[in-house]
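Chain by chain, the residues run as shown.
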Amino acid sequence: MGAAAPDAAAPGAADPPDGPAPAARPLPAPLLYINVFVVATCGLVYELLAGTLGSYLLGDSVTQFSLVIGLYLSAMGVGAWLSRRVDKHLARRFIEVELAVALVGGVSAPILFVGFAEIAHFQLLLLGFVTVIGILVGLELPLLMRLLQGQVEFKDLVSRVLTFDYAGALVAALLFPMLLVPELGLVRTSLVVGLGNAAIGLWGTWLLAPHLGKRVTGLRVRALIVIAILVGGLIQADHMSTWAEDRMYADTVVYAKTTAYQRIVVTRGPSGFNLFLNGNLQFASGDEYRYHEALVHPAMVAGDHPPKRVLVLGGGDGLALRELLKHPSVEAVTLVDLDPGMTTLSTAFPPLAQLNRQSFSDPRVTVVNDDAMVWLESAPANWDVAIVDFPDPNNFALGKLYTKRFYRLLKSKLAPGGAVSVQATSPLFARRSFWCVMETMRAAGFVVHPYQLAVPSFGVWGFGLARAEAFEPPAHAPAVALRFLDDDALGAMFKFSADEKPVPVEINQLDNQMLVRYYESEWRKWQ
Amino acid sequence: MGPSRREFVAMLLGAPLAAACGGGGARTIEGSLVETGMGRGHAMRDLRAIPAVPDGRWRRTGVIVIGGGVAGLSAAWWLRRNGRTDVTVVELDDVVGGTARGGASSVTPYPWGAHYVVAPRADEAAMVALFEEQGAIEGHDAHGDPIIDEALRCRDPDERIWYRGRWADGLYLSAGASAEDLAQLARFDAAIDQWATWRDAAGRPAFTVPVSACSTDPTATALDRESFGAWLDRQGLTSERLRWMTDYACRDDYDLLAADTSAWAGIYYFAARRRAPGSSRAVVTWPDGNAHLIAHLASKVGPIETKLAVVDVRAVAGGVEVIALADDGPVGIRAEHAVVAVPRHVARHIVATRREAGGVLPDCGAWAVANVHLRDRPRERPGDAPPAWDNVIRDSPSLGYVSATHQRGRDVGPTVWTWYYPFPEDGAVVRKRLAGAGHGEWAATVVADLARVHRDLPDLVTRVDVAFWGHGMVRPRVGAMFDLTRMSAAAPIGAIHFAHTDLSGMALFEEALDHGVRAAREILAS
Numbered sequence: 022m023g024a025a026a027p028d029a030a031a032p033g034a035a036d037p038p039d040g041p042a043p044a045a046r047p048l049p050a051p052l053l054y055i056n057v058f059v060v061a062t063c064g065l066v067y068e069l070l071a072g073t074l075g076s077y078l079l080g081d082s083v084t085q086f087s088l089v090i091g092l093y094l095s096a097m098g099v100g101a102w103l104s105r106r107v108d109k110h111l112a113r114r115f116i117e118v119e120l121a122v123a124l125v126g127g128v129s130a131p132i133l134f135v136g137f138a139e140i141a142h143f144q145l146l147l148l149g150f151v152t153v154i155g156i157l158v159g160l161e162l163p164l165l166m167r168l169l170q171g172q173v174e175f176k177d178l179v180s181r182v183l184t185f186d187y188a189g190a191l192v193a194a195l196l197f198p199m200l201l202v203p204e205l206g207l208v209r210t211s212l213v214v215g216l217g218n219a220a221i222g223l224w225g226t227w228l229l230a231p232h233l234g235k236r237v238t239g240l241r242v243r244a245l246i247v248i249a250i251l252v253g254g255l256i257q258a259d260h261m262s263t264w265a266e267d268r269m270y271a272d273t274v275v276y277a278k279t280t281a282y283q284r285i286v287v288t289r290g291p292s293g294f295n296l297f298l299n300g301n302l303q304f305a306s307g308d309e310y311r312y313h314e315a316l317v318h319p320a321m322v323a324g325d326h327p328p329k330r331v332l333v334l335g336g337g338d339g340l341a342l343r344e345l346l347k348h349p350s351v352e353a354v355t356l357v358d359l360d361p362g363m364t365t366l367s368t369a370f371p372p373l374a375q376l377n378r379q380s381f382s383d384p385r386v387t388v389v390n391d392d393a394m395v396w397l398e399s400a401p402a403n404w405d406v407a408i409v410d411f412p413d414p415n416n417f418a419l420g421k422l423y424t425k426r427f428y429r430l431l432k433s434k435l436a437p438g439g440a441v442s443v444q445a446t447s448p449l450f451a452r453r454s455f456w457c458v459m460e461t462m463r464a465a466g467f468v469v470h471p472y473q474l475a476v477p478s479f480g481v482w483g484f485g486l487a488r489a490e491a492f493e494p495p496a497h498a499p500a501v502a503l504r505f506l507d508d509d510a511l512g513a514m515f516k517f518s519a520d521e522k523p524v525p526v527e528i529n530q531l532d533n534q535m536l537v538r539y540y541e542s543e544w545r546k547w548q
Numbered sequence: 003m004g005p006s007r008r009e010f011v012a013m014l015l016g017a018p019l020a021a022a023c024g025g026g027g028a029r030t031i032e033g034s035l036v037e038t039g040m041g042r043g044h045a046m047r048d049l050r051a052i053p054a055v056p057d058g059r060w061r062r063t064g065v066i067v068i069g070g071g072v073a074g075l076s077a078a079w080w081l082r083r084n085g086r087t088d089v090t091v092v093e094l095d096d097v098v099g100g101t102a103r104g105g106a107s108s109v110t111p112y113p114w115g116a117h118y119v120v121a122p123r124a125d126e127a128a129m130v131a132l133f134e135e136q137g138a139i140e141g142h143d144a145h146g147d148p149i150i151d152e153a154l155r156c157r158d159p160d161e162r163i164w165y166r167g168r169w170a171d172g173l174y175l176s177a178g179a180s181a182e183d184l185a186q187l188a189r190f191d192a193a194i195d196q197w198a199t200w201r202d203a204a205g206r207p208a209f210t211v212p213v214s215a216c217s218t219d220p221t222a223t224a225l226d227r228e229s230f231g232a233w234l235d236r237q238g239l240t241s242e243r244l245r246w247m248t249d250y251a252c253r254d255d256y257d258l259l260a261a262d263t264s265a266w267a268g269i270y271y272f273a274a275r276r277r278a279p280g281s282s283r284a285v286v287t288w289p290d291g292n293a294h295l296i297a298h299l300a301s302k303v304g305p306i307e308t309k310l311a312v313v314d315v316r317a318v319a320g321g322v323e324v325i326a327l328a329d330d331g332p333v334g335i336r337a338e339h340a341v342v343a344v345p346r347h348v349a350r351h352i353v354a355t356r357r358e359a360g361g362v363l364p365d366c367g368a369w370a371v372a373n374v375h376l377r378d379r380p381r382e383r384p385g386d387a388p389p390a391w392d393n394v395i396r397d398s399p400s401l402g403y404v405s406a407t408h409q410r411g412r413d414v415g416p417t418v419w420t421w422y423y424p425f426p427e428d429g430a431v432v433r434k435r436l437a438g439a440g441h442g443e444w445a446a447t448v449v450a451d452l453a454r455v456h457r458d459l460p461d462l463v464t465r466v467d468v469a470f471w472g473h474g475m476v477r478p479r480v481g482a483m484f485d486l487t488r489m490s491a492a493a494p495i496g497a498i499h500f501a502h503t504d505l506s507g508m509a510l511f512e513e514a515l516d517h518g519v520r521a522a523r524e525i526l527a528s
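Chains as they are written, first to last, in this note's numbering: chain B, 22 to 548; chain X, 3 to 528.
So that you can see chain B by itself, here it is in the shape it has in the complex (with noise of 0.2 Å):
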């Protein structure tokens, strides 16, 4: 990538030179092709980051990517421009200019990402980040090449600098993807970067002490005040992801916020996006079709009627709002899930609000931010269709969403003729907990027929559709657009292999939360 590309014509302005002090000592060049070195490499760190950030959060990579080199790199052509504006006290000017980049790049991919969750105008922000980087940087090499002017020969000064600027490209782009992402995440990765630019400019009050005079302590507390707020906003950054949610995601974290309830984290990688509750994976773009339309479709064709009232709880993606949606019968969707934070990402978050195609803004859609259980209790007794779709029951909050009191309150709430279906982990790893499940709403007065498929990214998966009378599972799927779901497909759903087959629990009531200890110790034994 032609990072540096802009620079090549910096020294082309031919000024006169403005010469060094007259009583100066000479530079110590190759050091300062040392610092030509980490300024080239910061500098494309910056605009990778920034490229990285807009296409994962905003989508569309290809646009994002040429939209944010285009931009930095005609910037940089504006910085070298207005460097033959700096016309004293070089070495001053140099040592500002870096401690500005080490400040606005620095804190460029934490605004960033707290932008993304707080204001609408992202773009606007993310485009103006890498303006101000990009004209910054292009000020540096110039300042630098001036500086050297007249103590080096042109022809080694333009080769020596270059070679360092190309080399800091080359080490940038092969740290960036291989060392920084993977171990620092993308917020650390800007203030670590940050911090080595900031380290440039401490160092050059000693280096080009022979072009500063006597006033180098304002500049050297300066530096320490940049560094100082980098470092900061090192220790802050846990607040925006975890030095271990950096670590444990295989993909790198583009959007993490602790809500009231929970951790929401949206990691990206080659094959699309994932997004996690607590750690736990809720779907991965590129199979999420074959989970939701398993989870939703076979409940709308088990009922009597063509269902016209559906209740989805939990599912705050919209991905099985998505699915429903596509069945004409519906005319009324009330989606109950506890965490305005979940419902608000949907549909403020691009690659998920094309994903559930804007299911939340569909006129028949009304959101309640509330506990199901809770919510359930005083909820009118008319859905003809419920759709189940909770986070495992990894932590007592959640188990009691899987108690036979909970599935008794929610019999008492189905129209006649109505049916259910639950997510119910996986029958493969967590074969207890499954069946748990099952013979929880068993208990509770339900008629259950079990059902499971593959969904790549979590295994094989399980789920229980449901009547209060006694029915025959669904032989056709729905006559609407779909991608996994057919016939056979969804009669193979309803067979189970041998290791999966039911095995003896007791029923998961409000007083044992048995669910919560099942899970525990099948999962336990996978991760």
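No lab work stands behind these hints: they were computed from the structure. Keep in mind that this is a model prediction, so the values were computed, not measured. It is possible that some hints are incorrect.
Said to hold, decoys possible - If you want the footprint, here are the derived chain B segments under chain X, 3+ residues with CB under 8 Å:
1) 383–395
2) 443–449
Stated by the list, open to error - Lysine to aspartate or glutamate pairs mimicking EDC-like chemistry, simulated, CA-CA at most 20 Å apart:
3) B:LYS434 to X:GLU140
4) B:LYS522 to B:GLU543
5) B:LYS432 to X:ASP151
Claimed, not checked - Computed, partial: chain X to chain B, Cβ under 10 Å:
6) ALA144
7) LEU154
8) PRO159
9) ARG168
10) ALA170
11) ASP262
12) ASP378
13) ARG433
14) LYS434
15) PHE484
16) THR487
We put the beta carbon where it would ideally sit given N, CA and C, even for glycine.
Here the structure of chain B is known, so what remains is to put chain X in place on it, guided by the hints.
Chain X alone, transformed into the frame defined by chain B:
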């Protein structure tokens, strides 16, 4: 004048904490001291002469029940269930319920005192009837005992304990316990199981609910003659963890330390709620604790007159005459029967024949209960035991707090915590010392105690209301359970019947209900 806040906090929580909260910027916490009938009660006590009732202020009822706590309401409820419709309940205080009363905010109902019962066995007819009336029995188990509605069975996790900066599961601190600690716990369990399954020659268990159904065989009742602490010592059960737990149990249910509790009562706490070795009867609770049962009973008993301080009850030809002070002066009520459902120290002041009798009164312990309103939950540390129904602070003289939103399943957002503080010391001394304490002192104490386990709590508190129960509960000290005075105090005097939990020697809902129903049966049989 009460003690200064600093002294007050020092007294309740211990000196180190007092320094911590005395030094900080004191913020005024909103809330009030809740009236528990003390003013009217003491006015009645200090009355010099029984007032004369003008002729026009006498009226008549079939049965008058004096006292609207659990015992009184149970008596009235059982009478009406069995066909007596001419029953009037009179209550000294503004509201019924006694120490089982509750309150409510826009967030949740909450208890002001007792907050759970133990699921009844099939032979506890009145308790079973009470649950049946509420449609709260969802089936019967293999023993034929009712299965209480899952929604009312205390939601798991029921308990956690704060120790050395962490929350751990349960009440017994198993993390860090030595092999000897665990061996002693196992021996304690075995001893409890042995008493839980013990039967006398007539087949009566030594320990069951209610106390009136327990065996009076001397083998069992001999336990009442030593302290629970001494009994544990004799068994070689000296493990600090075990002894902390047994002390906690005694403070929690009896407002006493194990060293002062009757061994019979101490063992009762553990053995009476066991169904079979290793299996306990379910704990049944509501967001507002036993106030939920109070509300049900109150809805079934017919007229209730509050703010009526009964000052005289006497047997007359053909029934009883009761004189009470209403806000507008004395009133008289003539009835065929009276149920005196008040503590014995009150009965002694109002029942004519008791006034002269004198005798030793049962020991009564004092309690402070606070309801702490929070706009949000304090942060929990990952890896700690999650929030439970009952959250116990090991190194606090308080019992910790119960979350009113736990049972209903509301695990985030605003809530109300009920904080309990027993005074195992001499009741009279405590009452005297705390008589002048104001709301600000109480509230600061409550918040300081909770803030030691939830540092961010002070900013989340929106309100703290406090009730001081000067005569909170009867205490089963050594020798009190099988004391002849107690056992004879329940005998009716003519048409005057007695019902109160202190007639059992321990303050439990089931005991109050048992005496209320017994008094009702006496009337129905006459």
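Are three or more residues of the region 443–449 of chain B within 8 Å, CB to CB, of chain X? violated (count 0)
Check of the region 383–395 of chain B against chain X for coverage (Cβ-Cβ below 8 Å, three residues minimum): holds (count 3)
Given LYS434 (chain X) was flagged as interface, is its beta-carbon under 10 Å from a beta-carbon of chain B? violated, 42 Å
Satisfaction of hint between ASP151 (chain X) and LYS432 (chain B), Cα-Cα up to 20 Å: Holds, at roughly 16 Å.
For the restraint on ASP378 (chain X), tell me whether the closest CB of chain B is nearer than 10 Å. Where the cut-off is 10 Å and the nearest Cβ of chain B is about 7 Å from ASP378 (chain X), the hint holds.
For the restraint on ALA144 (chain X), tell me whether the closest CB of chain B is nearer than 10 Å. This hint is violated: ALA144 (chain X) lies away from chain B, its Cβ roughly 15 Å from the closest one there, beyond 10 Å.
Report holds or violated for the interface hint on PHE484 (chain X), using the least CB-CB distance to chain B and a cut-off of 10 Å. violated, 34 Å
Hint check: is the beta carbon of ALA170 (chain X) less than 10 Å from a beta carbon of chain B? violated, 15 Å
Report holds or violated for the interface hint on PRO159 (chain X), using the least CB-CB distance to chain B and a cut-off of 10 Å. holds, 6 Å
Minimum Cβ distance from ARG168 (chain X) to chain B below 10 Å? Nearest chain B Cβ about 17 Å off; hint violated.
Quick one, is the THR487 (chain X) hint okay against chain B at 10 Å, beta carbons? violated, 40 Å
Status of the ASP262 (chain X) interface restraint (C-beta, 10 Å, chain B): The hint is violated - ASP262 (chain X) has no Cβ within 10 Å of chain B, the shortest such distance being about 32 Å.
Hint check: violations occur at hints 2, 6, 9, 10, 11, 13, 14, 15, 16; the rest are consistent with the structure.
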